[in-house]
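Each protein sequence line maps, in turn, to chains A and B.
In terms of the numbering used here, the first sequence has 177 at position 175, counting the first letter as 1, and numbering is strictly consecutive.
In terms of the numbering used here, the second sequence has 220 at position 218, counting the first letter as 1, and numbering is strictly consecutive.
Think of the hints as simulated: they come from the structure by calculation, not from any bench.
It is possible that part of the hints are untrue.
For chains that are exact copies, the list does not tell them apart, and a pair is met inside one copy or across any two.
As the list claims (entries may be wrong) - In silico DSSO-like pairs for lysine-lysine, Cα to Cα no more than 30 Å straight-line:
{"id": "1", "residue 1": "259", "residue 2": "296"}
{"id": "2", "residue 1": "399", "residue 2": "238"}
{"id": "3", "residue 1": "408", "residue 2": "238"}
{"id": "4", "residue 1": "287", "residue 2": "245"}
{"id": "5", "residue 1": "238", "residue 2": "66"}
{"id": "6", "residue 1": "399", "residue 2": "91"}
{"id": "7", "residue 1": "66", "residue 2": "399"}
{"id": "8", "residue 1": "245", "residue 2": "385"}
{"id": "9", "residue 1": "259", "residue 2": "287"}
{"id": "10", "residue 1": "385", "residue 2": "408"}
{"id": "11", "residue 1": "296", "residue 2": "135"}
{"id": "12", "residue 1": "287", "residue 2": "236"}
{"id": "13", "residue 1": "66", "residue 2": "296"}
{"id": "14", "residue 1": "296", "residue 2": "91"}
Number of protein chains: 2
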Amino acid sequence: MAELVGNLLVAQSGGPTAAINASVAGVILEAGRHEFIEEIYGGLNGILGILNEELIDLNDEKAKTIEGLKYTPAAALGTCRYKIDFKKKPEQAARDMDRLFEVFQAHNIRYFFYAGGNDSQDTAHKIHLEAQKRGYEMRVIGIPKTIDNDLPHTDHCPGYGSVVKYNSATVAEIALDVSAMATDDGACCLVEVMGRAAGWIAAGTVLARRGPNDAPHIILVPEIPVNEEKFLAKVKETVDALKYCVVVVGEGVKNEKGEEIAADKSQLDAFGHAVLSGAADNLGKLITSKLGTKTRTVKLGYAQRAAGHYASATDIQESAACGAAGVRAAVDGQSGVMVKLVRSSSSPYRWNTDLQPLGDIANVEHLIPREWLSEDGFLPNEKFVEYARPLIEGEVKVPQEGGLPKYIVLDESPVEKKLAARS
Amino acid sequence: MAELVGNLLVAQSGGPTAAINASVAGVILEAGRHEFIEEIYGGLNGILGILNEELIDLNDEKAKTIEGLKYTPAAALGTCRYKIDFKKKPEQAARDMDRLFEVFQAHNIRYFFYAGGNDSQDTAHKIHLEAQKRGYEMRVIGIPKTIDNDLPHTDHCPGYGSVVKYNSATVAEIALDVSAMATDDGACCLVEVMGRAAGWIAAGTVLARRGPNDAPHIILVPEIPVNEEKFLAKVKETVDALKYCVVVVGEGVKNEKGEEIAADKSQLDAFGHAVLSGAADNLGKLITSKLGTKTRTVKLGYAQRAAGHYASATDIQESAACGAAGVRAAVDGQSGVMVKLVRSSSSPYRWNTDLQPLGDIANVEHLIPREWLSEDGFLPNEKFVEYARPLIEGEVKVPQEGGLPKYIVLDESPVEKKLAARS
Numbered sequence: 003m004a005e006l007v008g009n010l011l012v013a014q015s016g017g018p019t020a021a022i023n024a025s026v027a028g029v030i031l032e033a034g035r036h037e038f039i040e041e042i043y044g045g046l047n048g049i050l051g052i053l054n055e056e057l058i059d060l061n062d063e064k065a066k067t068i069e070g071l072k073y074t075p076a077a078a079l080g081t082c083r084y085k086i087d088f089k090k091k092p093e094q095a096a097r098d099m100d101r102l103f104e105v106f107q108a109h110n111i112r113y114f115f116y117a118g119g120n121d122s123q124d125t126a127h128k129i130h131l132e133a134q135k136r137g138y139e140m141r142v143i144g145i146p147k148t149i150d151n152d153l154p155h156t157d158h159c160p161g162y163g164s165v166v167k168y169n170s171a172t173v174a175e176i177a178l179d180v181s182a183m184a185t186d187d188g189a190c191c192l193v194e195v196m197g198r199a200a201g202w203i204a205a206g207t208v209l210a211r212r213g214p215n216d217a218p219h220i221i222l223v224p225e226i227p228v229n230e231e232k233f234l235a236k237v238k239e240t241v242d243a244l245k246y247c248v249v250v251v252g253e254g255v256k257n258e259k260g261e262e263i264a265a266d267k268s269q270l271d272a273f274g275h276a277v278l279s280g281a282a283d284n285l286g287k288l289i290t291s292k293l294g295t296k297t298r299t300v301k302l303g304y305a306q307r308a309a310g311h312y313a314s315a316t317d318i319q320e321s322a323a324c325g326a327a328g329v330r331a332a333v334d335g336q337s338g339v340m341v342k343l344v345r346s347s348s349s350p351y352r353w354n355t356d357l358q359p360l361g362d363i364a365n366v367e368h369l370i371p372r373e374w375l376s377e378d379g380f381l382p383n384e385k386f387v388e389y390a391r392p393l394i395e396g397e398v399k400v401p402q403e404g405g406l407p408k409y410i411v412l413d414e415s416p417v418e419k420k421l422a423a424r425s
Numbered sequence: 003m004a005e006l007v008g009n010l011l012v013a014q015s016g017g018p019t020a021a022i023n024a025s026v027a028g029v030i031l032e033a034g035r036h037e038f039i040e041e042i043y044g045g046l047n048g049i050l051g052i053l054n055e056e057l058i059d060l061n062d063e064k065a066k067t068i069e070g071l072k073y074t075p076a077a078a079l080g081t082c083r084y085k086i087d088f089k090k091k092p093e094q095a096a097r098d099m100d101r102l103f104e105v106f107q108a109h110n111i112r113y114f115f116y117a118g119g120n121d122s123q124d125t126a127h128k129i130h131l132e133a134q135k136r137g138y139e140m141r142v143i144g145i146p147k148t149i150d151n152d153l154p155h156t157d158h159c160p161g162y163g164s165v166v167k168y169n170s171a172t173v174a175e176i177a178l179d180v181s182a183m184a185t186d187d188g189a190c191c192l193v194e195v196m197g198r199a200a201g202w203i204a205a206g207t208v209l210a211r212r213g214p215n216d217a218p219h220i221i222l223v224p225e226i227p228v229n230e231e232k233f234l235a236k237v238k239e240t241v242d243a244l245k246y247c248v249v250v251v252g253e254g255v256k257n258e259k260g261e262e263i264a265a266d267k268s269q270l271d272a273f274g275h276a277v278l279s280g281a282a283d284n285l286g287k288l289i290t291s292k293l294g295t296k297t298r299t300v301k302l303g304y305a306q307r308a309a310g311h312y313a314s315a316t317d318i319q320e321s322a323a324c325g326a327a328g329v330r331a332a333v334d335g336q337s338g339v340m341v342k343l344v345r346s347s348s349s350p351y352r353w354n355t356d357l358q359p360l361g362d363i364a365n366v367e368h369l370i371p372r373e374w375l376s377e378d379g380f381l382p383n384e385k386f387v388e389y390a391r392p393l394i395e396g397e398v399k400v401p402q403e404g405g406l407p408k409y410i411v412l413d414e415s416p417v418e419k420k421l422a423a424r425s
């Protein structure tokens, strides 16, 4: 194995999570152990910042700041949704690639770590292929991260356990509230959670159930089209029996025509996906109009993926381990691979890390297996529970100041620019 | 002072909170110290359950269950929004009052504690007056509870500190997320919180700010009508400077015509108030259409008042103290009073309990003083911060099981009914 001497660059991409900073901490701490990794740089706002040569020197950060990354949510380096798109914008993409490699060369970047979801792994893959094509020796490693849990080949994704832990606790608490208010009038609360194509996040809230009458009573996932009639019947049955009903709704749920119940086609994101909003509100209106039941909605939005105050210790530990494993793989000469989590046992929970070629990852969406959902499609079953249960174990100790979590902020000591500004 | 021998009845009313069960624990634990308080009963679902003679024996609960009430959110006895309305429904109200006193007499209730907000204190007041009129010796004490913090005469309300703590942490976390994603496009996140007439909850999130550029950048409270033009200018100024903007919106915010921005007049609650929804969504649409800035909304809804996993230890301690103080007041011969919190110092924070006649409380809404808000009305100022800061101090240790909070559930051992069913 070649001892490649040079600098390391780590960057974050896509939606923030409670755990993505832990992966960066894992990268930094492991990289510090390898002599031939000289400087440890962070790229601000993913490849967008790297294109602008916005690098910071992570070795200048205090040791306790690096430790603090493990419990600080969001993305301390900043993130982006910028896409190098050879299909739709081939000229821009070619210019971007040239510029990226100018930056890599100017700063002697020989280790590149990109933490993100499907789109980000695709970007890492393109950079890996480009490095090979150019004969520029650089080890490119993808670090998995997405609350959506939709990356293939990994047992689950860093970030997922924390969102499920927070959302499950929240749904259990909402259920206590709604059931305390439940009188003969009946009431239904709809909780909208993230998840565009995959229902992993919504399904995860099944962990709030400790008994057969517990909430959530219905979980709608994008994998199963909503049959309006059966859905209303299930709500009615639940309200009749318990006087209340808690429904968890994945934002991307679809009707039987395959249309997103909440799609707002007037807004598209950088990847051309429709911005979603209002699935729970729309279903709430349906319930009120058809059943006369009073409804309330909760839309957790960004709160769910940023909830560092109630992150999963298991998730944080795994995220840090993925970062560290990525560095070890790169040092061992690997490139063009993503770190993945492999489970050897659910009870007791045992896992380790392994590697998967990036070419197997990009743009493949991993959905919930049909056999992990009940026959009527309204609840995940015991197979799903067995899978998800270990991922939310353990609480993270977050320092508090003035009654609020005290998260770290990077000093962001800039690395001197060596290139002219991006044209 | 007369040593009144008899049974105690405690009940909860109105919207649940993270702290209302702590008040019940305070009542039970203090009542246990007084010999001439014989049985300790709980009324299920407030006066609605009492009308149906649905009482449970709280002395049958395990000691650790009573302790667990301190950290369990919602309302363990159940709650209601039932109103004894002599103005609108005089005959029903008279029948209800007769029935209530039948129940009180049948079970020798001599101590009655009602925990709730404005409407509930009004109910307690009516019961107190009725007891006097009927010459039925019973001590009636109101225990303050409302996340809205709009009860007069008390420095603040049990339940308020916890919702502010959770909401402030959530807003700080959302801000980390949004700022991590902030690139030149700009982005605005609107977080809708509870608060129909009073903006205390929205204003409380100012505690998330540790520096002048920190979120929330704008807080809209129902007390200050929203001037569309000035609001948009402030959003633009913030996004131009920081690339992102976090706006906290009290659900009851109004426009300059005095209309609720989110009123849905098709739904009315039991008190005839319009059900509100969508203030943040409506303002988000305004921002996107006028400024072209991408917006996202978060609607915390019930999650904010049920968030026992991140309750304020100060709030829980005060709530329990209010329950205990109520029992001591009743034992001392008081009736027709509400326990209130009195602050003697903000720094260091010092407080104690006192009593206020219920006649001073009912249906008076305490709003944020204008001089506690900035001149432009977009942020609470240092006077507000000095007031609110101590209320969120301290974290509550909640037992965990399987990665989730383990809250208690009452056994609800029923008290044998002595009356015919309510007609």
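Okay, the hints, checked on the actual structure:
1. 259 <-> 296: Both: 27 Å inside a copy, 29 Å across copies.
2. 399 <-> 238: neither (42 Å within a copy, 37 Å between copies)
3. 408 <-> 238: between (44 Å within a copy, 29 Å between copies)
4. 287 <-> 245: within (18 Å within a copy, 35 Å between copies)
5. 238 <-> 66: The answer is neither: 53 Å in one copy and 36 Å across copies each exceed 30 Å.
6. 399 <-> 91: neither (45 Å within a copy, 54 Å between copies)
7. 66 <-> 399: both (14 Å within a copy, 25 Å between copies)
8. 245 <-> 385: Within one copy only: 29 Å inside, 44 Å across.
9. 259 <-> 287: both (19 Å within a copy, 27 Å between copies)
10. 385 <-> 408: between (37 Å within a copy, 23 Å between copies)
11. 296 <-> 135: Cα proximity of residue 296 and residue 135: none, with 61 Å in one copy and 38 Å across.
12. 287 <-> 236: This pair counts as within: shortest intra-copy Cα distance 16 Å, inter-copy 33 Å.
13. 66 <-> 296: Neither. Shortest intra-copy (50 Å) and inter-copy (35 Å) distances fail the 30 Å Cα cut-off.
14. 296 <-> 91: between (49 Å within a copy, 23 Å between copies)
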